[in-house]
Each structure stands twice: as structure tokens, then as C-alpha cells.
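Asks: Take a look at the letters that make up each chain.
Protein chains: 4
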Amino acid sequence: VEPWRTAISTWDDRHIWIQGYDVAQLMASATFADIVFLLHKGRMPSEAERRLVDAMLIAVADHGPGSPSAAAARTVASGNRAAPEAAIAAGVLAIGDAHGGAGLACLQLISDAMTQSRASATDVTTIARRVVDEARAGNRRLPGIGHRTHTRDPRTGVLFELARTGGLAGDGIAFMVALEAAAAESIKPLPINVDGAIAAVLYDLGFPPAIGKLFFIIGRVAGLSAQVVEEYTRERAMRIKIPVAYDGPAPRELDSGKVGP
Amino acid sequence: VEPWRTAISTWDDRHIWIQGYDVAQLMASATFADIVFLLHKGRMPSEAERRLVDAMLIAVADHGPGSPSAAAARTVASGNRAAPEAAIAAGVLAIGDAHGGAGLACLQLISDAMTQSRASATDVTTIARRVVDEARAGNRRLPGIGHRTHTRDPRTGVLFELARTGGLAGDGIAFMVALEAAAAESIKPLPINVDGAIAAVLYDLGFPPAIGKLFFIIGRVAGLSAQVVEEYTRERAMRIKIPVAYDGPAPRELDSGKVGP
Amino acid sequence: VEPWRTAISTWDDRHIWIQGYDVAQLMASATFADIVFLLHKGRMPSEAERRLVDAMLIAVADHGPGSPSAAAARTVASGNRAAPEAAIAAGVLAIGDAHGGAGLACLQLISDAMTQSRASATDVTTIARRVVDEARAGNRRLPGIGHRTHTRDPRTGVLFELARTGGLAGDGIAFMVALEAAAAESIKPLPINVDGAIAAVLYDLGFPPAIGKLFFIIGRVAGLSAQVVEEYTRERAMRIKIPVAYDGPAPRELDSGKVGP
Amino acid sequence: VEPWRTAISTWDDRHIWIQGYDVAQLMASATFADIVFLLHKGRMPSEAERRLVDAMLIAVADHGPGSPSAAAARTVASGNRAAPEAAIAAGVLAIGDAHGGAGLACLQLISDAMTQSRASATDVTTIARRVVDEARAGNRRLPGIGHRTHTRDPRTGVLFELARTGGLAGDGIAFMVALEAAAAESIKPLPINVDGAIAAVLYDLGFPPAIGKLFFIIGRVAGLSAQVVEEYTRERAMRIKIPVAYDGPAPRELDSGKVGP
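Protein chains in written order, with the numbering used here: chain A, -19 to 241; chain B, -19 to 241; chain C, -19 to 241; chain D, -19 to 241.
It is worth saying that the hints were derived from the structure and are not from the lab. A hint or two may mislead.
Below, simulated DMTMM-like cross-link-like pairs (lysine to aspartate or glutamate); rule was C-alpha separation at most 25 angstroms, straight line [as the list claims (entries may be wrong)]:
1. LYS221/B - ASP(-8)/C
2. LYS221/B - ASP235/B
3. LYS221/B - GLU233/B
4. LYS168/C - ASP113/C
5. LYS21/A - ASP(-8)/A
6. LYS21/C - GLU215/D
7. LYS21/C - GLU27/B
8. LYS221/D - ASP151/C
9. LYS221/A - GLU233/A
10. LYS168/B - ASP151/A
11. LYS221/B - ASP77/D
12. LYS221/C - ASP227/A
13. LYS221/B - GLU(-18)/D
14. LYS221/C - ASP235/C
15. LYS221/D - ASP(-7)/A
16. LYS21/B - ASP151/C
17. LYS168/A - GLU114/A
18. LYS221/A - ASP2/D
19. LYS21/D - GLU233/A
20. LYS168/A - ASP103/A
21. LYS21/A - ASP227/D
22. LYS221/A - GLU(-18)/D
23. LYS221/A - ASP(-8)/D
24. LYS21/D - GLU141/D
25. LYS168/C - GLU114/C
26. LYS221/D - GLU(-18)/A
27. LYS21/B - GLU114/C
28. LYS168/B - GLU114/B
Please read all numbers here as calculations on a predicted model, not as lab measurements.
Pulled out of the complex, with its shape left as it was, chain A reads as follows (with noise of 0.2 angstroms):
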């Protein structure tokens, strides 16, 4: 059997490196941030990418128990109260294309358009026009803008600014820019929403596509626990109702079905 590789952390009876650093230093003078950008980037953060880090956990942590993600926990919680481990699984596993996914999309859409960008020399405003034409001619979503409950997200402005301010702003944020402009234009006011803020913040810090949405996990899972912690403390079991509408064939006599088609 060959073993299995890694580059991330090792260790010995005495002590636990992650990329090389010492665990136990990392405990007395590191922040959770950090931990995070060295296990995906392989080194340190530098002061702005630790704070940008920690902006987009926060950013995400929590959207209260209705969201997929919170609302899937709750209802494991429901059924299941001496597993918290199942609760929060099963909200990561709502965190899918349709939520929190967006980041992954919008990621891969900022890649894609950057390299076209390059590859025929073409301006961001003309690639992003480009995009938002396609997506209405294939009727297909614009991932990253828009958002079901905001008309413009609270939290895409402070990451941009703590982008700026930390130097750290480049061709991620100036191509959403582009877009939220171009949908304005030929679609209607579409904000750039969390997701798609993370996926701009990203790829300006140098992160692959994949990252996108496991930057929504990380963070999210913060406030799957707090969720679960609220489900079983204020909760009795089985508490949830869902109001069902029956839509399906009357009762009917089982002989005359067993026959086939």
C-alpha cells in the first residue's frame, strides 16, 4: 500500500507543525485567520490578507435559522439530539450550487474572463459586457450578483474598501465591478452580493476556483453550531412541522395497480 501524501502538517510525539510552523507557536501568537490562509496558501498572511480573511469568515458566519444551510441543521437537530456532528454535516451539505455555491461559480467565471481578458488583450467592461450577454441569450444566472434577500448586500462594500485600503484590490474586484455595471445596464440593478464579493477577494489573494465555496464553509460552520447549540437548548425534539398540501393519486385498491404498464 503507498502512503498517503501530504504537504500540509506533520508531526512527532512532541510536537505538531502545520506548513513547518510549530503548532504550539501558532497557538500563542497566531490568529484562526492566519491558520486558514497558511493551510490553503502555504505561508503566512501578511496584516491586510489576515484581515481580509477574517472579513469574509465573519461575512458568512451567519444568516439566521432560515437560510438552506441553518435550516437543514435545525431539522437534523429535530430528529437527532445526541449527534451535533450530523447537524452540522448536514448543513455544510445544503451549502451546494444553489447556496453558498456561488462562490465556486463566480470564482471560475472571474478566471475564465481574466483569461480571456489577457489572452486578446480585450478591457474588463467589454469582457463583462460580453458575459452578461451570453448568460441572458442561454437565459442562464449571473453567479455573484443578485441575492434573494438584499437589495444590495451589507456585505460586499466592506470587503471592497478593506481590499483597497489593504492594497490588496486587483482584477477580481475591478471585473465584478464591470459586471454589477453591465447587468445594471442590459439586465436591471443586480448588487454584487456576498459570494460574489468572496470570489473577488479570492482570486485578487490568488486562490483557485475550488476555494470558493470552502471559504463559505469554513466560516458558516461557525454559525451551524450556534444554531444547533440554540435547536437543543431551546427546542424540545421533533418540534418542526411542515405544513403538507397532498397532490398525489386518491386511495386505490392495491390488485387492479400490481398489473404494469
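Got chain A; can you put chains B, C and D on it based on the hints?
Replies: Only chains B, C and D this time, still in chain A's reference frame:
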């Protein structure tokens, strides 16, 4: 249908508030450790509390691909390269009673011991000896002490030192130190492991037992994310080979077997 | 690295054997219920045993979208339309102690009660009364009796009748009937629910307690699959709206809050 | 709040109906394969259809502890001995694109190919050759053919034979046979694997693509259950040792590293 009650967060069209604090402000000035504390305690931490939260989350962030949580996450990632949330969730699910779950059991143990100590005005040394004797008599393992790969867990000392320096060391740490001493006397040297150290600190910070496992999950998700990215980027699908030894029934005919007992 | 031992199945280039039987032969002549039995008991079932396995799996296959398992699966499907495995897994995770998990607890209860009955040569009626008295004294719910939506579970009678007709009714069914009678005498009429009925039948078929929850999962996965397909085909992404009532802290300024206790 | 719509099942105080059939009647006379078919097709199967459903579920029920789904389930069971649902869920999560998920991709491939075939009045042989050529040109693997451990999948022949005997073989099987022939001509002999065979049969039974992965999950959960029980009963907690080779950064000091890029 009754609404779901929550005291954690709320939002309107332009704001999100966590425990009453505007997320935009938190993003600009707080750290993720602050938010983890805030979500579970309902108030912002002091400097010393924040340092302990960071230290606890970093302590459990990663322990290599061979820990059950990382191994489960990578095994799922090996068969499922399109859904990183599935791999992370599988990793979370491995955080049960035997792996990471000692935190919960240990926090419960400390909580019960201190209740007993107060009720009977007995000092922690005596209580700790009693707990060890009962565990030996019942042939039960004590949660929070002993580790399969470390004879002295490098993370415990750092946590306790930070708690003492910050003026936050209390009964939780005192009890675990007494438990380690009592175990060394009557069983063998068993170091306080990271689960036990975190349980002690969480007790001294005033968290309820359920938090024991949840802090482990919040911190470990960062490492699981890095492990999953490494699996995707360095390894091909389905690369994991498990050596198997079959010791069940030899090939047999169905007819004879179709009859029951 | 030591190989993983298994006595369940093995294969070579051209064959797969489950418990020694060639899968190609099983596919041509056995039923899925046979294989569920075979996988867990190591032999093929008799006709009467197969009927009971089918009846148990059918009994739990679906209970509408409002059961916690289906609600969790559909909530995840609502946010994650690209990974049906995530939705099914979330549904499975809701099968905990409070939902479906009574099977495990009830099988354990029957097993303990019958051990006691044999050790003390006490009849099941007496044991059942004692169990009810102890549960009342400890203010604990009895697993396997009572149901939140049925005053008489329509599935229990069928299972017990099939067991009796097939000559397979034994101590498990006798004990549950005695428990229902004892509860009716000293608490109130509480029908044996499907978890209790399945636990009784599994006990009489010679299965260990852990199987209690697993049979529920195997059967329910079929219903979860149908629920997830219905969510995908009839509903749009993110359609689930949870009514939420926030009762936490009012908006407050960060500065004052940044200081600890 | 709008009620959740469902056409699958409903219940009152004394009944549960699946697709209009009384569960008590189904339990007394139907098989689990009938219910799997009923839940997904809305009618009871014919004899030949039921045989195919049984054969498909049995075909995927178990493939030893080394398949990613079983390996994930056992790894989670190794760290989490108190929550079997967590282990089963982790196993389900490994059923992604690379493991078991070929069914979904293959059903989609068949569906697209037959749409093309009908639209352009082209025979399946020609379409199959085109599909193979396109896959070669794009350097993509074809779903449903080839297997990492079988040069000829023993389950494919049985399924196709049952479909032909039952008069249910149609375009799905015809296309997969043509695809296997086309691949053998221009690539190399690649047997139709169980995922491809099931996809062909599901297509011929009139199921939509999403079912491809779901049938695999329904069948495999039986095997996962047996694998988890075996892990609990034969092995001790945390017994899984993964051989690891670390090739990341050597130990380094934190100070120098704290500065960013």
C-alpha cells in the same frame, strides 16, 4: 405554522446583525475568533478570551491525513470530486465519540465533578482520585487524558499557560491537572490531551458541555478543507486502495442456501 | 499496514460473492430483501423471514415530506441541486435518537428485559410492569410505544400478524405486547409504534440491537430518494421559506461590546 | 407559509398511503423492490420490471470494504461508534462522480444520444461511434464502460439477459452495446460496467437521468449497513492506520514567516 425562534442573528434589506452587532462593523474590526465566541456566548470576548479561542481553534485545525476526520474527507473526495461539501461533511461525521468527541465527554466529566465538589465541599484532588478509582473499577477510559500518538500533547501546556497568563484559569484546569496526577498515581502517566485541555478551558470560560465537540468541529473544518483541496489537486480520482483480507464463507451454491434455519 | 478484515463479500476479476453466493446468481433469482437479510445474518432467509424483511422495509419507506429525514433531505436539495447524495445523506443524518432511532433503544430494552426475565425466571408481564414503573419514576419516555401522528400505528398489526402466521413470533413480540398493556394500565393507552414493532420482530429474528436503526435507514432511503427527485422536479432552488421570529439583542454599538465580562 | 406539495404519500390517524396504496396492504403482499419502483414511477411494476429492480439493487449492494463508499463509512465508524447514521451518511457521500456516479452521467449520455438519434434519424451504431470519437478527441472518459477491478463486469450480462427475457430491452441496452463495440474498435476493449448496465436498464424502464445515482445509493446502503456493523463488532475504535508520507516544508521559525508575500 409557528415561526422558528432565534436569538442569534437577524437582518433587514441592508443589514445583518449578529447578537445585535452590525456584520459590516464586525467584518471591519473583529476577528473570526471574536465571532465564534460571540455566537456561542452572546457577547464579545476580552483580549484574553479571544487569545484562548484562537489557540483552541488552531490546536485542532489539522493533524494530518491519517486522522479519521481527514481520512474520511479524503476518501469521499476520492470518489466524489464534484462536491467538496460532501467531503467536508464526511470529515465532520468522523468527529464522534472516539475521535474529537472526548471534548464533550470531558466537559461533562468536569462539570459533574465540580458540581460534586461544591455539593460536598470536597477538594478537587479528592474528587479526581475518586473519578480515577471509579473508572478503574468500571474498566472505563477517562476522557481527556492519554493520546494514541503523543506521550505528552504539545498543545496542552500552551493552552493552560495562556489561560493562566490571561487570568482565566479556574476549576476546569485545576480539575484536569488533578485528574492527570491521580491517573499517574494509580494507573500510569497519561498526559492531558488536547480534548481534555480544551474541555478545561471551555469550562473555565463558562461554556456548556455540548460545546466540547463543536469547537473541535469549527477548528478542524479548516484543516479538512485543506486536506480536500490537496486530494483534488495532487491525486487522481479513486486512487485510494485499501488492502483487504476476506475471511468469510467460501463460494457456495444458492439452492442449498435458499432454505432458512 | 494491516489489511482490513471482512467476512461480507469478496471478488475476483469475473465474480463478486456476497457471503459466498455469486452475485450474478443472486441477481437472477433473489430479492433485495433476501440480500438485506443475507448481508446482516450470513444466510439466506426462509419464505417467512423474507416476508418480514420486506414488510419492515416497506413500513418505514416513506412518511411524507414533513418527517425530519425527508424535510432535511428536501432542505438540502433546495440549496444543493447538483449533488443528490448530499440530500440523501442529510436525510439519513436526521435518523437519530428522536426520529427512527427508537428502534435501537427499543431493541436494547427488549434485549435487557429478556436477559432479566431469563436470569430471574420472571414472566414478561411482570418485567414489562417493572419497566413501565421505572420509566414513570425516572420520568423517561418508553421507546417503541406512542406516536406523534397515529393513535394506533397501522403498521404494527401487520408486522405482528405476519410474524405469527410465519411462526416467527417470539419473546420480542410478547414483551412489546406486555409493555403496551402495562403502559395502558399505569400511564395511558400508548400504541406500539412502527419502531417498537420492528424492534420486536428484529429481536425475534435474532438480530443484535445495532440493527434497530439500520433497518429504518435502509428502508427510508427509498423514500428519501423519491422525495429528493420530487424536490428537484417540482420545485425551484431555494424555494423553502422558514418563518423566523428573532428575540435576541437589539442593535447595539460594537465599541461598548468589545470589552469582555 | 406555503405548504410543501407532495404526490408521493399521505396519511391520517390510522393509515399511510404510498401513491394511493395502503401501506398495511403493501407490507402484507408487496416486496421492497415494488415499493422502490412505485415511489419513483407512481405505479406498481410488472413481474419483469420487479425482477430488474431487484437485480439492479442486488448488483450494487456491496463490493467489499475497499470501495470508497464502504471505506468512508468504516473510517467514520472507526471514530464515531455512537452514531451509525453518521457512518452510513459518509458512505453515501462518497457516491459521487467517480464512484457510482457514472450511472447518472451514463443515463444522461444515453438520453442525449437517443434524442440525437431520433432527431437526425441516425442509427445507434453511428451515434455510438460519434460519441466515442468525441470522447477521444476531448480526452474524456466515457461513463458506463471500463472498471478498475473487473475486465468483464459479471453483473452486466445478467441484467441485460433479464431485460431481454422480460421483453424490456430497448434503446438503452442497444446503445450501450453499440458504445462498447465502438470503444473496442477505436480505443480498446472496455466492458460495460454495472453503472452502464443499470443506466441502460433504467433508460429502458423510462426513468429520468437523476435516478442513475439514486438507485446505486438505495442498493448500496444495505451493504454499507453490513460494513458498519462489521466495523463495530470486529474492530476497536480508532483502529484505522493510514500510512502517511509528508513532503511539505521543513520546520521553520514563525517570525520570518509572519510577513506576507
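Asks: Does the structure keep LYS168/A and GLU114/A at a Cα separation of 25 angstroms or less?
Replies: 15 angstroms, holds
Asks: Is the straight-line distance between the alpha-carbon of LYS221/B and that of GLU233/B 25 angstroms or less?
Replies: The given pair, whose Cα atoms are some 30 angstroms apart, is violated under the 25 angstroms limit.
Asks: Take the C-alpha atoms of LYS221/D and ASP(-7)/A, compute the straight-line distance between them, and say whether it is at most 25 angstroms.
Replies: 16 angstroms, holds
Asks: Within a Cα-Cα threshold of 25 angstroms, do LYS221/A and ASP(-8)/D meet the stated pairing?
Replies: With Cα atoms ~15 angstroms apart, LYS221/A and ASP(-8)/D stay inside 25 angstroms; holds.
Asks: Holds or violated: are the alpha carbons of LYS221/B and ASP(-8)/C at most 25 angstroms from each other?
Replies: 15 angstroms, holds
Asks: What's the verdict on LYS21/B and GLU114/C, does the C-alpha distance respect the 25 angstroms limit or exceed it?
Replies: 37 angstroms, violated
Asks: For the pair supplied as a hint, LYS168/C and GLU114/C, is the alpha-carbon distance within the 25 angstroms limit?
Replies: 15 angstroms, holds
Asks: Straight-line Cα separation of LYS221/C and ASP227/A no greater than 25 angstroms?
Replies: 20 angstroms, holds
Asks: Does the alpha-carbon distance linking LYS221/D and ASP151/C stay inside the 25 angstroms limit?
Replies: 42 angstroms, violated
Asks: Mind checking the alpha carbons of LYS21/B and ASP151/C for me, to see if they're no more than 25 angstroms apart?
Replies: The given pair, whose Cα atoms are some 50 angstroms apart, is violated under the 25 angstroms limit.
Asks: Does the alpha-carbon distance linking LYS221/B and ASP77/D stay inside the 25 angstroms limit?
Replies: Holds, at roughly 18 angstroms.
Asks: LYS21/C and GLU215/D were given as a pair; does the straight-line alpha-carbon distance stay at or below 25 angstroms?
Replies: 18 angstroms, holds
Hint check: violations occur at hints 2, 3, 7, 8, 9, 10, 13, 14, 16 and 27; the rest are consistent with the structure.
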